[in-house]
Every structure is written in structure tokens, then in C-alpha cells.
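**Student:** Based on these hints, arrange chains B and C on the given structure of chain A.
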Amino acid sequence: MSTEPASPVLRIEGLVKRYGAHVVIDGVDLDVVPGQVVVIVGPSGTGKSTLLRCVNGLEDIQGGRITFEDQPVLARSRTVHAIRRRIGMIFQSFNLYPHLTALENVMLAPVKVLGESAKEVEERARGLFRKVRLEHRAHAFPSQLSGGEQQRVAIARALAMNPHLLMFDEPTSALDPETVGDVLTVMEELALEGRTMLVVTHEIGFARHVGDRMIFMDGGKIVEDSPPEEMIANPRNLRTQQFLGSILHH
Amino acid sequence: MSPTVGAFWYVFLTGAAVTLWISWLALLLGGLVGVIVGMMRISKWVALRWLAVAYTEVFRSIPPLVLFFGCFYGLSYALQLDLSPFAAATVALTATASALMSEVVRAGIESVTHGQWQAAYSSGMRYDQVFRYVVWPQAIRVMLPPSIGVYISTLKDSSLASIIGYVELTKSGLLIRETTGISFEVLLIIAVMYFVINYSISLVGASLERKFKYVH
Amino acid sequence: MYEFNLAGLLPYIDPLPRAILLTLWLSLLAIVMSVAVGVFGALCRTSTNLIPRFLGAAYVEVLRNIPLLVVIYLIFFGLAQVGLRVDGFNSALIALTLNAGAYMTEIFRGGLLAIPNGQYEAARSQGMTGPQLYRYVVFPQVFRIIYAPLGNLIIGIVIGSSLASVIGVEEVTTWMRRAGDETFRYMESFLAVGVIYVVLAQTINIGRIATGNWLLSKAPVGARR
Chain A
1 MSTEPASPVL
11 RIEGLVKRYG
21 AHVVIDGVDL
31 DVVPGQVVVI
41 VGPSGTGKST
51 LLRCVNGLED
61 IQGGRITFED
71 QPVLARSRTV
81 HAIRRRIGMI
91 FQSFNLYPHL
101 TALENVMLAP
111 VKVLGESAKE
121 VEERARGLFR
131 KVRLEHRAHA
141 FPSQLSGGEQ
151 QRVAIARALA
161 MNPHLLMFDE
171 PTSALDPETV
181 GDVLTVMEEL
191 ALEGRTMLVV
201 THEIGFARHV
211 GDRMIFMDGG
221 KIVEDSPPEE
231 MIANPRNLRT
241 QQFLGSILHH
Chain B
1001 MSPTVGAFWY
1011 VFLTGAAVTL
1021 WISWLALLLG
1031 GLVGVIVGMM
1041 RISKWVALRW
1051 LAVAYTEVFR
1061 SIPPLVLFFG
1071 CFYGLSYALQ
1081 LDLSPFAAAT
1091 VALTATASAL
1101 MSEVVRAGIE
1111 SVTHGQWQAA
1121 YSSGMRYDQV
1131 FRYVVWPQAI
1141 RVMLPPSIGV
1151 YISTLKDSSL
1161 ASIIGYVELT
1171 KSGLLIRETT
1181 GISFEVLLII
1191 AVMYFVINYS
1201 ISLVGASLER
1211 KFKYVH
Chain C
2001 MYEFNLAGLL
2011 PYIDPLPRAI
2021 LLTLWLSLLA
2031 IVMSVAVGVF
2041 GALCRTSTNL
2051 IPRFLGAAYV
2061 EVLRNIPLLV
2071 VIYLIFFGLA
2081 QVGLRVDGFN
2091 SALIALTLNA
2101 GAYMTEIFRG
2111 GLLAIPNGQY
2121 EAARSQGMTG
2131 PQLYRYVVFP
2141 QVFRIIYAPL
2151 GNLIIGIVIG
2161 SSLASVIGVE
2171 EVTTWMRRAG
2181 DETFRYMESF
2191 LAVGVIYVVL
2201 AQTINIGRIA
2211 TGNWLLSKAP
2221 VGARR
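Those protein sequences? They're chains A, B and C, same order as listed. Oh and the first sequence: position 71 is 71 in the numbering used here, straight run, nothing missing. In short: position in the second sequence from 1, add 1000, done, that's the numbering used here. In short: position in the third sequence from 1, add 2000, done, that's the numbering used here.
If you are wondering where the hints come from, they were derived from the structure by calculation, not from laboratory data. Be aware that one or more of the hints could be misleading.
As the list claims (entries may be wrong) - In silico DMTMM-like pairs for lysine to aspartate or glutamate, Cα to Cα no more than 20 Å straight-line:
1) B:Lys-1044 / B:Glu-1110
2) B:Lys-1213 / B:Glu-1110
3) A:Lys-119 / A:Glu-135
4) B:Lys-1044 / A:Asp-60
5) A:Lys-112 / B:Asp-1128
6) B:Lys-1213 / A:Glu-104
7) A:Lys-112 / A:Glu-122
8) B:Lys-1044 / A:Glu-59
9) B:Lys-1044 / B:Asp-1128
10) A:Lys-221 / A:Asp-26
11) A:Lys-131 / A:Glu-193
12) A:Lys-131 / A:Glu-120
Here chain A stands alone, though its shape is the one from the complex (with noise of 0.2 Å):
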């Protein structure tokens, strides 16, 4: 890992994003440095998933600049490929393949689009799925699988590609309770490798654990922004004590 105090990997300044009238986020600056993790939470509605999705190019942005290793983010232009490449996204509901195997799915991008030796990737992604623990269900397919054991699989392909910024878009929502220490617990090991991670999520636990800044979004604004000990702890906004009230004593 870069020990040099490194410029921005991504860098987000003023966003907006309307859908129409509806304004989704409005006017958004972050900066995210090589190695950190950092966590996103807020009520739901509040543009934390959009963001993602604009950092990914996969939503036009109607203001402010998307900047991913000093290259801006354009939906629709031909250098967002090769950006979304370096960028590994998990989303809530999985979205595996499910025409595909396990390590089908996780093969794909890599042989297909960056089109490497289809031996050199399966070796990788035998190597994913040990480090997912999912060694012995590589050959099943999407829907033979639990959820926790998808959006495992979900991981391993993001991380089949050597993405230099990881996303995670509320991998635990649609997990059942029991299966959702293992998709953490997973996260918090890649955290420990120094990935950098931007995470939108509910589990204050694993913000306070593994996150080096937590960040609350409201009315798609950023309210506050501090290490997540201290805002957990010690909230300044009114809005992000109501907040962390409601989920903290759920």
C-alpha cells in the first residue's frame, strides 16, 4: 500500500443530481484518500445509493465535478469504462448472474473485458472464493445460493477485477439477520488489507469498527462528517442524533 499522504482517489465536488424536479443531491463535496473506509448512512431516500451510482457513471449528474484517479466521471462518455474497471461496486440485492456460476459470475469481466488468460482468472478467483470462504460452492449457481453466500460471490467478482476503490451500496439490507456477520466480516478483512471503501450502510457497528470517517446524509446533503467514534458518541446535528437514535436503540 502507498504510504505517501496522497492526493484524492476520488474526489466529489458540488454534485447535484435531479431526477426532473425532484432534487436527489444537492450539492455534495467528499474526498476519499487511498486505504480509507469510509461510511455513509442516513435515513433512506436521502441520495446515499445515488451518489454511488453518479461516482460509477452510471447516472448523469446535473451539477459539480466527479474526479476518480484524475480523471472525470462521465455517464455516457467513452472513458467511463475503463473508470468503472477500476471501480468494484456490490449492490443490496446482489445481482449475480444467474445464468452464470459462482465462478462464472466472477470470471466474466475480467476474461471478457479486460480480456485476460481465462486460466490466470480462474486461479484468481479460486483465491477469492477461499478468502470469501466460499471454496466449496464455486460451481453453484446464483439461485442454489443463501444471500449472505451471493453477496459473498458479489465481492469475490468485484474483486476479481483489482478495483482501486470498492462500493458497497447496503450489502446487508436484504440479508437474512444470521447471514449478515459473514458479508461483515468479510468487509472488515478487506478493510485490514488498506482497500479503499465507500460504504452506504445501516450497521453503526461495523462503522465504528472498521470506518475512518462516517459520514451522515440527509435531504441529499452532507449534515456531518467525522471520525465514527466521535459522531457516534458525541453527535453534533440535532438530525444525525435523531437519526443514529432511531437505529442505535432499534
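**Tutor:** Same frame as chain A, but now just chains B and C:
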């Protein structure tokens, strides 16, 4: 089966073979046209989308019998073409089948969820790669059962080729009926033959469908 | 060179409205009768008794796999031979009804099966009687499921009614063939009748779409998106 009618067994079987052949040909051609029109339906260009909707709706709305008539007599006179009954029937059947297939193709593609597109895009694939590796393999599975339905429907529509003198199964029956003067028995045999053919196709289709499920 | 001349059909314009009306009348009767057949068929197919279930299934499979044209010939020519003479219009009507009834059966059955058992139990637990249960709980839900395929089937019936022309019923397709045969303006008569069928089918189609929009507007907010 009475001996009078039974003597014509070879004519019945030939008719059935011709019916299978022309409906298979029309399904193939209709499938090709249907894929093009179906892809136009989901194009980002409005003009292409409208063209595709118009094509589908027109050929779904005009009765196949009217199309047979239009192709055989209409085109022959208008274009001074001496279209054979076979050529006219193929064109007419293809027109109907392609309209049905374009809907099957569109529905197949649309059945692939938004999340699949997003996952594929976020791994850096281009539009054509997303289509080839993620969307199309899934859409094909969804398209299979209704395609079997289109084949059966095309096979039934091919009976209308008898109107323009193309000797397939129905026309064979009508010719035997004229020769022997026996209506009920001959027509019943024809009906049973259609049933056996189509029911077999639907059984094969059902087993293919089971085989094509993601879990093996 | 062929000269396109729609005016060549003018002498034949007089019987056209009558022919259109006959197409509509034949279709309408077939729709009404096949709905009745379909409801009955669906009840048979969802019955707990094996015999009606089997008979219903057999009816559907047989009629769905035989071309409508062959059914029409069987009734018109075939029944005549065994002593039952049915005229052209009624032969076409019976054949259309039998044919569409099979598809109606499947549509209604699909709608009935889509309603979970809990809906019946909930309605019963609130003291609803059989008719109330169907009127307020089951039918509104079934209708949402079946209106789209129902619209397509109705278009199919109008299209199918064109086959009545092969046994001399003076509907639109017969008009097309006669006008073509007598003037050699085949292309013109084909296009004219093509337009008529497209207008008829699309009118039904628009009705179907409007029904869909109306149902959507009535849907609770949570059910959208």
C-alpha cells in the same frame, strides 16, 4: 379408418411433412426479422422504436388469411411477379410470425432486470458486451417457451395456405375429400394429425423449458 | 406498369358497411359466447373433482392445437355429412367460440390461480358470503391480471372471424376477395381491408391500454414503482 380413405395415407403424411417444413421455415425467417424488430423496439432512437411498433401492430392486426391473399394475388398483380403459392405463403407466414417474435424478443430482453445491466456496466462492460454476455443469455431462456407458442401458432396459420392452393396438410385433406366424397372422416383425420404434431411440439417445448431453468 | 387505383373499388363500396357490421356481429357473439365457455371451463379446470378437471384440460389442449380453419371445415362440411346441416354463419360462430373458449379458459384459470388462498380466508373471516367474496375481493384482483391477455384474445377473435369467408359468410374478407376477383384490383382491396382490420384491432388495443391506465390510476400508491 375406412379403406377408401386409408388408401390415401401417403398423401396425408406428405401433407404433414410440407406443413412442418413451411412453418419451420417461416419461424426461422420470422425469428430473424423478429430479433431485428424487437431490438428496434428497445432502441434509444424514437424513430426506430415507432417503426418497430408500427410493424408489429400492423402485422398483428391483419388476419393471416388476408395477408395470404394480399401476398398471392396482390403482389402478383401489383409487382407483375408470378409468385408461387409457396413463396406467397412463406412471405405471409413470415410477416405474422415476425410480428409475434418481435414481441417475444422484446419481452425477453425486458425481463432482464435493471440490476443486471447495472452490475454489468459497473464491471466496465460496453453496451455490446453487456448484451452479449449478460442480457442475451438470460433473455434467450425467457424467450424459449413463447417461441414454441409462436411455432405452434405459425403451424396452425400455415393451414391457410390451402386457400391459395398450396398443398400442405389441410389442402391435402380437402383434395382427398373431393376425390372420395367423404368429409367427416377425412377432416377428422386432419384434425387429429394437427393435434398430434402440435401437442408433441408443446411437450418438447415444456421439457426444454425445464432443462433451461438455471438450476440443473 | 401497375397503376395503383383505389377508385377502381368504388362500385363495391355499397356492400362494405354491411360486411364490416357482419364481421363485428360475428366477433361480438363469439366474444360473449367464448367468455361463457371460458368461465365454465376455468371452473372445471380448477375443480377439486378429477373428471371435470380432465375434461377441461382435454378440451383446451385439443382446441388449442387444431387450426381454426380445420374446425370450421369440420363443422360446416363434416357435420353435414353426418346429417347435421349448419349454415356458414353459425358454423363460423361455433368454431370461433370453441376455439376462443379454450384460450378464455386458460386466461380465467390463470387469473383464478393467481389469487392466494389467504385472500379467500381473509374475506371469509370478515363474514363475506360467496358472491360478496367474488364481487369485492376475487374478481377485482382477477381482472387486473386478465385484462391484458383478454384484450389480445379479443383481437384474435376479430382476426379469426376472417376465416368465415372460406364458407361464404359475407364479411369483410369475403368482400375483399370478391372486389379483387371482379376488378383485378387485388392490391387495392387488400390494402383497404388491411386498414379496416388494423383500425378494428387497434381500437380494441387502445381500449386495453386505457383499461390498464385506469387500473393503474386506481392502484394504491405503494403498488406503483
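**Student:** Look at each hint and say if it fits the structure.
**Tutor:** Right, here's what the structure says about each hint:
1. B:Lys-1044 / B:Glu-1110: holds, 14 Å
2. B:Lys-1213 / B:Glu-1110: Given that 20 Å is the threshold and the Cα spacing comes to 18 Å, the pair holds.
3. A:Lys-119 / A:Glu-135: holds, 17 Å
4. B:Lys-1044 / A:Asp-60: holds, 16 Å
5. A:Lys-112 / B:Asp-1128: holds, 11 Å
6. B:Lys-1213 / A:Glu-104: holds, 17 Å
7. A:Lys-112 / A:Glu-122: Distance of about 13 Å is within 20 Å: holds.
8. B:Lys-1044 / A:Glu-59: Answer holds: Lys-1044 of chain B to Glu-59 of chain A is near 16 Å, not above 20 Å.
9. B:Lys-1044 / B:Asp-1128: holds, 14 Å
10. A:Lys-221 / A:Asp-26: holds, 6 Å
11. A:Lys-131 / A:Glu-193: Between Lys-131 of chain A and Glu-193 of chain A the Cα gap is close to 12 Å, so the pair holds against 20 Å.
12. A:Lys-131 / A:Glu-120: holds, 17 Å
Violated hints are absent here; each numbered hint is respected by the structure.
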